[in-house]
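Enquirer: Residue strings, one per chain:
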Amino acid sequence: MNFSGKDIIAIEDFSKEEIVYILNKVDEIKEKKNILNGKLMASLFFEPSTRTRLSFEAAMKKLGGHVIGFSDWKDSSVMKGEDLIDTIKVVDGYADVIVIRHPQEGSAKIAAEVANNPVINGGDGTNQHPTQTFLDLYTILKTKGTLENLNIGFLGDLKYGRTVHSLTYALKDFNTKMFFISPESLKMPTELINKIKKYSECYECTDIFDVVDKLDILYATRIQKERFMFEDDFKRVQGTYKLDEEFLKKARKDIKIMHPLPRVGEIKHELDFSENAIYFQQAHNGVPVRMALLSLVLGKA
Amino acid sequence: MNFSGKDIIAIEDFSKEEIVYILNKVDEIKEKKNILNGKLMASLFFEPSTRTRLSFEAAMKKLGGHVIGFSDWKDSSVMKGEDLIDTIKVVDGYADVIVIRHPQEGSAKIAAEVANNPVINGGDGTNQHPTQTFLDLYTILKTKGTLENLNIGFLGDLKYGRTVHSLTYALKDFNTKMFFISPESLKMPTELINKIKKYSECYECTDIFDVVDKLDILYATRIQKERFMFEDDFKRVQGTYKLDEEFLKKARKDIKIMHPLPRVGEIKHELDFSENAIYFQQAHNGVPVRMALLSLVLGKA
Amino acid sequence: MNFSGKDIIAIEDFSKEEIVYILNKVDEIKEKKNILNGKLMASLFFEPSTRTRLSFEAAMKKLGGHVIGFSDWKDSSVMKGEDLIDTIKVVDGYADVIVIRHPQEGSAKIAAEVANNPVINGGDGTNQHPTQTFLDLYTILKTKGTLENLNIGFLGDLKYGRTVHSLTYALKDFNTKMFFISPESLKMPTELINKIKKYSECYECTDIFDVVDKLDILYATRIQKERFMFEDDFKRVQGTYKLDEEFLKKARKDIKIMHPLPRVGEIKHELDFSENAIYFQQAHNGVPVRMALLSLVLGKA
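Residue numbers (the working numbering), protein chains in the order written: chain A, 1 to 301; chain B, 1 to 301; chain C, 1 to 301.
Only chain A is shown next, with the shape it has when bound in the complex (with noise of 0.2 Å):
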């Protein structure tokens, strides 16, 4: 397999095979020092997401590249349709590869078709953000040692959970068993959930006690006050969701929590210091991944 040049867009753009093809490439390429000696990365980051941001750039420099960029857009007007092509066309005669956020449905696709250069999206508004999706199934695999055949429950937002609607399109040949736990009013989207029910086992509740002795990861999501109406509902809502130790006792012992942070309450701090959980190794495998979809894209794997 080649992706030598191509772009990372959306995670529906990748076959089961290739994605089991790049996470098997990444403990092999974060060993490597300087293949990515003379590399130019453009990031260009049109609205703050410093944790992305610093992951990319990080597994750049691991890799002995360079990275020029920027890490908000200072204007009040967001750039987009020429004014975007322009500056995305001049950046490309600057760097090898761009990594670009943008609040804008589409932007990086925008962006991929008129740069001659690789393109990776670090996150286009409520769309797309392949990369996180990338790092999700890498830190799944090495917690349990394979994708397949496993029980994965999704909690909080799955009404708008990018995350998890990339997560679980991902996972769709990998024979999961989904759990979908959430508060009505933040329940997977009807449409999505008829989609993975096609090559998916899905189940949904609302009380993660109901399911929690099933479960072999749990990814857990932020609930945001801004989804609600009434301060009251989402206070209930929090109180019910949120793991602590009792939670743990009720699970099984090999459970694993994942959340792609940041938290607002859902994961007590007394959980952090437990085997069980495993959101900052994901958070951390942001740069093992980059690194290799960075070698690949630029043909240095």
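It is worth saying that the hints were derived from the structure and are not from the lab.
Each pair may be met inside one copy or between any two copies, as identical chains are not told apart.
Once the Cα atoms are required to be at most 30 Å apart in a straight line, the calculated DSSO-like pairs of lysine-lysine come out as:
{"no.": "1", "residue 1": "Lys253", "residue 2": "Lys159"}
{"no.": "2", "residue 1": "Lys144", "residue 2": "Lys249"}
{"no.": "3", "residue 1": "Lys250", "residue 2": "Lys144"}
{"no.": "4", "residue 1": "Lys30", "residue 2": "Lys6"}
{"no.": "5", "residue 1": "Lys142", "residue 2": "Lys89"}
Got chain A; can you put chains B and C on it based on the hints?
Expert: Quick look at chains B and C alone, frame taken from chain A:
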């Protein structure tokens, strides 16, 4: 010729021989790697200018050098006078070369006076932006094979256009025929045109179609709404000064269209794919030209 | 002595022997190249501090290391508590050493407690800024050849001056005679002066000319308008506490004037060219001193 330790503040400081020497160095230097190993550039952007900053930083890094700096000055008050001098003196001890962009005319010169290391002006207000002129000249040289005896049109806002003023000056010893095409209200300043007439044949007009068939190069510039008292006047001018396929049909087959970017509608996107359009190449040339300038002032060319 | 993996949070954590050891390492380490090859520093500036940030980044890069980070925290709310801890834990997995600047007292200590990698305090509010103290000590050592038995004056705002408080503490075992010169309203805190008196001879006065002929070093500090209730009081103090050529005539021939910068009029620019003025050298020393500190905590010195 030896530029080691020299400042680059204004294009007026360079003779024809020096300009030619520098431009001829570009192709040699852009292939070098690591000649600026261990060298540190301070990139002091007291106002944002993303493309200029990124191309300077790309230039430094492609040659193996390092960069420290800032992309904007957060304080509400512009740093000037004694404060600016102290800042330059401090940073001068950190780095081997300073690139300064500052909204105030003359700031780069002041920086050059107090710094021991070479200072490169990345734009000081409406005054000077010499590396832009070098990349414009390099672009003309590469596309036409020579700087001598060309017919060059300048289109748009010629009153305030810093890039045009500097470029016309830089061309003074190359026997250029110059055509200035602008609305009456945005004509070249009389003082300047009188100076140019001493060394170049000059034609002024308001209608591009009066001269289009004579041009080897058309250098278009942005016409900004803010220059007009009445929006109607702006719209009328904008309607007249636009380059599209109709325009190309009437021009010489081998005309080359340049623009310092960003554009705001002066050049239709339909032209981007034409061989006559070289404004993206022009932007890309910012990197090799700045590689050459950095190497020269650092004594590594 | 081995500082590998150690945090640098407060100057109080270092013994005389350790301070001397570190300062003696500076000249050796500043000549080294590439000893931090492949090492990654996270530069987390939750508030802007351009000179401190640039000198840390210059230090890392001069030794061949890489830098990721941010220069300001854009959010309206200061990141603290659990959010700060999560951020540090995530970044700790990306980088080999963390430099943190944060407006809240105690934040660097918290970061050091949760990070596995070494943490260097780049200033936590009004509390500590240990690398500034190291560079002040190094400057004294280089200019006087010793830290022992010196007469050092401290001038200006001694009530709020973090740098003076730390420096006087660091000098406690060097048999320093200390002269504190300030307006009544900005005297050294009584508690602190009582502590210092246990190990150093101390003199307090309001008039610099009472002691000027005794000083080997005069460490001046900025007097900020905001410290005064009435502008008249500020102006009166400002008129008294200024160093100019008149002052120099009355001082010892070999007096050296230091200042942590930025200044706001306490030192006239006419003194900048005098051999007695060493405040720019002092600022420049930030780079080699931070080179030494980074190498030591990374186990590469």
